[in-house]
Amino acid sequence: MSEIAHQDHIEKKAFLVNSSSLKDVRVFCREVFEKLHIQEDLKEELVLAIAEAAQNIVKHAFKNSASPTELMVVQISCENNKLQIAFYDRGTPVDPKKVKHREIDNVKPGGLGTFFIQEIMDAVEFKDGKKPWINHLVLTKQL
Amino acid sequence: MSYKVTEEGNISTVHLDGEIDMDVTEKAKEVIFPVIDSGKEVHLNLSQVQYMDSSGISVLIESHQRALEKNTKVIIKDVSKSVLKVIMMAKLEQILNLE
Numbered sequence: 027m028s029e030i031a032h033q034d035h036i037e038k039k040a041f042l043v044n045s046s047s048l049k050d051v052r053v054f055c056r057e058v059f060e061k062l063h064i065q066e067d068l069k070e071e072l073v074l075a076i077a078e079a080a081q082n083i084v085k086h087a088f089k090n091s092a093s094p095t096e097l098m099v100v101q102i103s104c105e106n107n108k109l110q111i112a113f114y115d116r117g118t119p120v121d122p123k124k125v126k127h128r129e130i131d132n133v134k135p136g137g138l139g140t141f142f143i144q145e146i147m148d149a150v151e152f153k154d155g156k157k158p159w160i161n162h163l164v165l166t167k168q169l
Numbered sequence: 019m020s021y022k023v024t025e026e027g028n029i030s031t032v033h034l035d036g037e038i039d040m041d042v043t044e045k046a047k048e049v050i051f052p053v054i055d056s057g058k059e060v061h062l063n064l065s066q067v068q069y070m071d072s073s074g075i076s077v078l079i080e081s082h083q084r085a086l087e088k089n090t091k092v093i094i095k096d097v098s099k100s101v102l103k104v105i106m107m108a109k110l111e112q113i114l115n116l117e
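Going down the list, the sequences are from chains A and B.
Counting in this note's numbering, the first sequence runs from 27 upward without gaps.
Counting in this note's numbering, the second sequence runs from 19 upward without gaps.
Errors might be hidden in some of the hints.
[Unchecked claim] One-sided excerpt, in silico: chain A residues whose CB lies under 7 Å from chain B:
1. 46
2. 77
3. 135
4. 136
[To be verified] Computed cross-link-like contacts, BS3-like style, restricted to lysine-lysine with a CA-CA straight-line distance of at most 25 Å:
5. A:124 <-> A:69
6. B:95 <-> A:123
7. A:89 <-> A:153
8. B:103 <-> B:47
9. B:22 <-> B:88
10. B:45 <-> A:49
11. A:38 <-> A:167
12. B:95 <-> A:134
13. B:45 <-> A:134
14. B:47 <-> A:85
15. A:123 <-> A:69
16. B:45 <-> A:38
17. A:89 <-> B:103
18. A:49 <-> B:103
19. A:167 <-> A:156
20. B:109 <-> A:61
21. A:157 <-> A:134
22. A:167 <-> A:123
23. A:61 <-> A:108
24. B:88 <-> A:69
25. A:49 <-> B:47
26. B:88 <-> A:123
27. B:22 <-> A:49
28. B:45 <-> A:85
29. A:85 <-> B:109
30. B:103 <-> A:108
31. A:156 <-> A:39
32. B:99 <-> A:134
33. A:49 <-> B:88
34. A:156 <-> A:85
35. A:85 <-> B:95
36. A:126 <-> A:85
By construction, these hints were calculated from the structure, which means they are not laboratory data.
Cβ coordinates follow ideal geometry from the N, Cα and C atoms, glycine included.
Please work from the sequences and hints to get the whole structure.
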């Protein structure tokens with residue numbers, strides 16, 4: 027837990043649902059974390075977790091075939107040193123029970139994104155998406 | 019992501035530069051796999067890679083496994099601190115050949 031008091035802040039941005047947007051998601055996150063004065067090591071871990079969650083939207087919720095105008099929204103908020111990152115998308119509804127990472131000792135390509143998210147964040151929660159959204163994922167981390 | 023391939027004796031070195039994510043993994047495989055398939059020892063220089071996600075890690079695993087199938091090896095060289103952290107998070111530091 028950080029001893030720095032991070033200023034309360036909220037910011038959100040929409041991105042096209044495709045793999046080219048992942049770099050833009052990272053740029054957005056880094057900019058917000060700069061404003062929050064989050065230390066470098068933690069910042070890059072958080073960027074990884076967020077980019078993995080965005081990648082899961084592209085890859086799994088839309089199966090790499092979203093329409094060219096389809097959007098996902100990433101919202102980063104910090105209140106009382108609690109960081110919350112929310113994702114909204116209109117892809118296939120996610121069944122939280124089916125979201126599992128591979129066994130870490132069973133070395134093979136794939137299945138690590140969810141593991142990274144769980145390793146880095148304190149909590150991962152799928153909430154009911156309110157219209158027009160289908161999926162609403164919330165990641166939290168106490169700073 | 020940009021890249022450069024250099025040859026010295028029986029060693030081919032692939033230098034990757036940039037951020038390795040899902041968007042560039044196919045390109046990374048197109049560069050690395052033919053070098054592995056040539057049967058030479060492959061050095062993968064990651065000194066200029068400051069960010070790698072799970073897709074990039076999958077490329078490292080696939081490269082390692084492909085090299086074993088071809089009776090050669092991939093050695094990952096000069097890993098940046100940030101990428102090493104991701105490799106360690108995936109508990110692969112004992113599996114992949116890191117130098």
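Here is how each hint holds up against the structure:
For residue 46 of chain A, the interface hint holds, the least distance from its beta-carbon to any beta-carbon of chain B being 6 Å, beneath 7 Å. Residue-level restraint check for residue 77 of chain A holds (minimum Cβ-Cβ distance to chain B is 6 Å; threshold 7 Å). Here the hint on residue 135 of chain A is kept, as its CB sits about 4 Å from the closest CB of chain B, short of 7 Å. Taking 7 Å as the C-beta contact cut-off toward chain B, the hint placing residue 136 of chain A at the interface holds, the least distance being around 6 Å.
Distance check on the hinted pair: residue 124 of chain A and residue 69 of chain A sit about 28 Å apart at the alpha-carbon level, beyond 25 Å; violated. Using a Cα cut-off of 25 Å, the hinted pair residue 95 of chain B and residue 123 of chain A is violated, with the two alpha carbons roughly 39 Å apart. At most 25 Å may separate the alpha-carbon atoms for a hinted pair to count; residue 89 of chain A and residue 153 of chain A meet this at roughly 21 Å. At most 25 Å may separate the alpha-carbon atoms for a hinted pair to count; residue 103 of chain B and residue 47 of chain B meet this at roughly 22 Å.
A C-alpha spacing of about 22 Å is found between residue 22 of chain B and residue 88 of chain B, which places the hinted pair at or below 25 Å, so the restraint holds. With a CA separation close to 16 Å, the supplied pair residue 45 of chain B and residue 49 of chain A stays within the 25 Å bound. With a CA separation close to 17 Å, the supplied pair residue 38 of chain A and residue 167 of chain A stays within the 25 Å bound. Restraint check: the Cα-Cα separation between residue 95 of chain B and residue 134 of chain A comes to about 21 Å, which is no more than 25 Å; the hinted pair holds.
With a C-alpha separation of about 20 Å, the suggested pair residue 45 of chain B and residue 134 of chain A falls inside the 25 Å cut-off, and the hint holds. Between the alpha carbons of residue 47 of chain B and residue 85 of chain A the distance comes to roughly 18 Å, so the proposed pair stays at or under 25 Å and holds. With a CA separation close to 29 Å, the supplied pair residue 123 of chain A and residue 69 of chain A exceeds the 25 Å bound. A threshold of 25 Å between alpha carbons decides the hint, and for residue 45 of chain B with residue 38 of chain A the separation of about 31 Å lies outside it, so the pair is violated.
For the hint pairing residue 89 of chain A with residue 103 of chain B, the CA-to-CA distance comes to about 29 Å; that exceeds 25 Å, so the pair is violated. This hinted pair checks out: residue 49 of chain A and residue 103 of chain B have alpha carbons roughly 19 Å apart, not beyond 25 Å. Among the hinted pairs, residue 167 of chain A with residue 156 of chain A is consistent with the structure: their alpha-carbon atoms are about 23 Å apart, no more than 25 Å. Taking the CA atoms of residue 109 of chain B and residue 61 of chain A, the gap is about 32 Å. The hint is violated against a cut of 25 Å.
Between residue 157 of chain A and residue 134 of chain A the CA atoms are separated by roughly 38 Å; this puts the pair beyond 25 Å, and the hint is violated. The suggested pairing of residue 167 of chain A with residue 123 of chain A holds, with an alpha-carbon distance near 22 Å, which does not exceed 25 Å. This hinted pair checks out: residue 61 of chain A and residue 108 of chain A have alpha carbons roughly 15 Å apart, not beyond 25 Å. For the given pair, residue 88 of chain B sits about 39 Å from residue 69 of chain A by alpha-carbon distance, which is inconsistent with the 25 Å threshold.
Restraint check for residue 49 of chain A and residue 47 of chain B: the C-alpha separation of about 19 Å stays at or below 25 Å, so the hint holds. Using a Cα cut-off of 25 Å, the hinted pair residue 88 of chain B and residue 123 of chain A is violated, with the two alpha carbons roughly 39 Å apart. At roughly 22 Å between alpha-carbon atoms, residue 22 of chain B and residue 49 of chain A fall within 25 Å of each other, so this suggested pair holds. The suggested pairing of residue 45 of chain B with residue 85 of chain A holds, with an alpha-carbon distance near 17 Å, which does not exceed 25 Å.
Taken as a hint, the residue 85 of chain A and residue 109 of chain B pair is honoured in the structure, with Cα atoms around 24 Å apart against an allowance of 25 Å. Simply put, residue 103 of chain B and residue 108 of chain A have alpha-carbon atoms about 24 Å apart, close enough for the 25 Å limit, and the pair holds. Proximity of residue 156 of chain A to residue 39 of chain A is assessed by CA-CA distance (about 17 Å); at most 25 Å being required, the pair is judged to hold. Simply put, residue 99 of chain B and residue 134 of chain A have alpha-carbon atoms about 23 Å apart, close enough for the 25 Å limit, and the pair holds.
Between the alpha carbons of residue 49 of chain A and residue 88 of chain B the distance comes to roughly 34 Å, so the proposed pair goes past 25 Å and is violated. As the CA atoms of residue 156 of chain A and residue 85 of chain A are separated by approximately 22 Å, the hinted pair is consistent with the 25 Å bound. Of the supplied pair hints, the one linking residue 85 of chain A and residue 95 of chain B is violated, its CA atoms being roughly 30 Å apart against a limit of 25 Å. At roughly 15 Å between alpha-carbon atoms, residue 126 of chain A and residue 85 of chain A fall within 25 Å of each other, so this suggested pair holds.
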